[in-house]
Structure formats: C-alpha cells, structure tokens
Amino acid sequence: MKVWGRILWTLLPGPRRKGGIWGSWAPHAPLVRLMSATELVSHWAAVFEEKGIPEARESSEYIVAHVLGAQTFQSLRPALWTQSLTPQQLQCVQEMSSHRLQRMPVQYILGEWDFQGLNLKMAPPVFIPRPETEELVDWVLEEEAQRPCALDAQGGPLILEIGCGSGAIALSLLSQLPQSRIIAVDKAEAAICLTHENAHRLQLQDRIRIVLLDVTLERSWAHLLPWGPVDLVVSNPPYIFHQDMEHLAPEILSYEDPAALDGGKEGMNVIIHILALASRLLKNSGSIFLEVDPRHPGLVGSWLRSQPDLHLELMAVRKDFCGRPRFMHIRKSGPQFDSPENAWPGLQLA
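The letter at position 183 of the sequence shown is residue 183 when you use the UniProt record's numbering, and the numbering goes up by one with no holes.
Read the hints as simulated data drawn from the structure, not as lab findings.
Be aware that a few hints might be false.
Lysine to aspartate or glutamate pairs mimicking EDC-like chemistry, simulated, CA-CA at most 16 Å apart [stated by the list, open to error]:
# : residue 1 : residue 2
1 : Lys187    : Glu218
2 : Lys319    : Asp138
3 : Lys187    : Asp214
4 : Lys319    : Glu112
5 : Lys283    : Asp231
6 : Lys319    : Glu142
Distance ranges between label pairs, derived from CB positions [stated by the list, open to error]:
#  : residue 1 : residue 2 : range
7  : Pro178    : Lys51     : 40 to 50 Å
8  : Glu142    : Glu218    : 33 to 43 Å
9  : Asp206    : Arg305    : 33 to 43 Å
10 : Leu34     : Gly298    : 53 to 63 Å
11 : Pro87     : Leu217    : 52 to 62 Å
12 : Cys322    : Glu142    : 12 to 22 Å
13 : Asp206    : His311    : 48 to 58 Å
14 : Asn269    : Ala222    : 18 to 28 Å
15 : Arg57     : Arg219    : 43 to 53 Å
16 : Pro87     : Leu299    : 52 to 62 Å
17 : Glu50     : Glu246    : 52 to 62 Å
Beta carbons are placed, not taken as given, at the ideal position from N, Cα and C, and that holds for glycine.
When you get a sec, could you build the whole thing from the sequences and use the hints?
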C-alpha cells in the first residue's frame, strides 16, 4: 500500500469539480454483461486513461479490490480474479469509478487508507496523510528508540501533535510506542471527529486526548499547560507557499481543506506559532519534529537564530524518498516553564 500510495500522489492537472459534495457528472454507460475482476480493472483503467485520470490502472485496482473486500488487487485470492462479479458489485464499482472520474481522491472514495500498517477511516475534507509523513513517523521512532527510558510514573513519552487531521501520526506513534501518551490538537471539528473515530476503531482512545484548538490564536499554549511539560512535539503543518496553492492537483484543490495546506506567503504562518508554543511546553532537551517544504530548513533556521529567547536549535534535516529536504529536528535547550507534572489522569479539556 505504501508503494502504490507514493505513486498515487504523482497527480496531473485536470478539470475542477463542479457542483455539490460529489460533483455532477454524466455517468459512464453501465456495463451490460457480467465481468471478472481482471476484466473490470482493465475496463475502468482504459476509461480513466481516456479521461486523463492520474494513475488510471492503480485507481481501478483499488476500487475493484475494495468492492471485493481486499485492500489491494494483488492481495485478492487468485480465484476471484476470474470470477464474475455480481450485478450489485458491478454497480458499486460503477458508482465509485464515477467519483474517480470527478477527480475525487481514491482515499475518500474507499473511505479508508493504510498508514504505517494501520487502516484509518478517511472522509473529506480532512487532510489525507501522504507517504512522506510515514517517513516522519519513522524518524520520530528512531530517535525515541535512542532516548533514555522515561522515569516518570507513566513510563513513556508524552507527545503533542499539532494538526492531527485523521489521527495518522498520533495513532501510529501510540501503536508503536506502547507506553506513550499523546495530546492531539486540531482547529477543524471534522478532523477532531475523525481522529476520535479512528482512535476508537484501533482501541487507543485511553492513551490519547484530542483537543479542538487553534494554535495561531494568542496564548493558545495556555490551554495546554495543565497537561504538564511534553517530551516531543510532532507536526505536519500547513506549509505550502500561498502562491503555489493554485498549482495543486484537482484532487487536492477540490476536496481537501485548504486550511490544512496553505502556509501563507512563505509557508511559515503556522510553523512559527508551533515553534513558539513548543518552546513553552517542551521539557528541557525536548524535541520538535516537523514536515516542511524543501525551502523551509533555511528559512526556519534563520528565524530560530533571530529568536534566541525561544531556546530552540535546529539539530538535523532529513530528506524524503525523493531526495528533498523534508523533515526537521529541533531541540529545546533552556528553562522549562512551570506546569504540573503528571497531570494526565482525570484531566479533560474542552
């Protein structure tokens, strides 16, 4: 799923969606005979390719596999490849393929997607986690594995994720750091609801607190102080330069929340608020891990040098699978603001 996920995000330009949530379209002519899964994949791949839909065959495979109860076409039992689909299954494939013809992302069409081995529910307009972000999680896990074991009563790190979206980062870290706890923050109610749902699906709700909060508001950090100082701050914030927004693929422009993408003139609007907030909430020697635009390491490094009172230092930059500087590790080395230790049990924030 991760490999094909990388392919699916190589998106081409095309017509914008028009109409309501699903758009309006003239459905492709219904199929008049029963077809096998292999024939159906080839049929819709040809239709998608003719209409200029990116990754035509992969999109078709995902849809057919989903209708047949599998995550990928390759994971289907070989007997199902040549077995005719029922009329109901054919109709379902037809409807889902019609959405793809309107450039709806495959993740929204399927209503789910794999991230770090977790099957997460997806729904528009909540931001869809990209394959690069799996690399951010991998880096956090690598660094955490090298850290001395936590000595507090909880036995694991307290992590703050800013901009949780579907909960992909937070829930991945919880599933692979068994003693960790996470505060997941987002300013969009749809994201908060989806993270709640995914946490319950994965039975991780007892170790995550999900907070509706806009970190760009004045003194937003004060709402998080009662939780106690945190060990890590992780975020995949809105970082796209505003002038680049119009060049995004129709799948993104038409369906995903622009507030989860647009980072302002230099893509730094939310990043600087995250850094300022983190300087107040992090323990001494605590770390910040960010996914950013390849132009940001230099910009963020320069900004941090101009803000010595934050006591934050850029430690490392890591490239993504395409060789672009995509991830940043920043560490705090300074005084820790007063806040109650181990405030987790029983505390609930609105």
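Hints and how they fare:
At roughly 14 Å between alpha-carbon atoms, Lys187 and Glu218 fall within 16 Å of each other, so this suggested pair holds. Our distance criterion of 16 Å between C-alpha atoms is met by Lys319 and Asp138, whose separation comes to about 12 Å. At most 16 Å may separate the alpha-carbon atoms for a hinted pair to count; Lys187 and Asp214 meet this at roughly 5 Å. Note on Lys319 and Glu112: the hinted pairing is violated, with a Cα-Cα distance of about 28 Å set against a maximum of 16 Å.
As the CA atoms of Lys283 and Asp231 are separated by approximately 6 Å, the hinted pair is consistent with the 16 Å bound. For the proposed pair Lys319 and Glu142, the alpha carbon gap of about 15 Å is at most 16 Å, so the pair holds. At roughly 46 Å, the beta carbons of Pro178 and Lys51 sit within the given window of 40 to 50 Å. Range check, Glu142 to Glu218: Cβ separation about 35 Å, and the 33 to 43 Å hint holds.
A C-beta distance of roughly 41 Å is found between Asp206 and Arg305, which places it inside the suggested range of 33 to 43 Å. Look at Leu34 against Gly298: about 58 Å separates their beta carbons, and that is inside 53 to 63 Å. A beta carbon spacing of about 53 Å between Pro87 and Leu217 agrees with the range 52 to 62 Å that was offered as a hint. Checked against the hint of 12 to 22 Å, the pair Cys322 and Glu142 passes, with Cβ atoms roughly 20 Å apart.
The given range of 48 to 58 Å is broken by Asp206 and His311, whose C-beta atoms sit roughly 33 Å from each other. Taking 18 to 28 Å as the suggested C-beta distance range, the pair Asn269 and Ala222 conforms, at roughly 20 Å. Between Arg57 and Arg219 the C-beta distance comes to about 51 Å, which sits within the given range of 43 to 53 Å. Checked against the hint of 52 to 62 Å, the C-beta distance between Pro87 and Leu299 comes to roughly 56 Å, which is consistent with it.
In this structure, Glu50 and Glu246 break the distance hint of 52 to 62 Å, their C-beta atoms being roughly 26 Å apart.
In summary, the structure is inconsistent with hints 4, 13 and 17 from the numbered list given earlier, while agreeing with the others.
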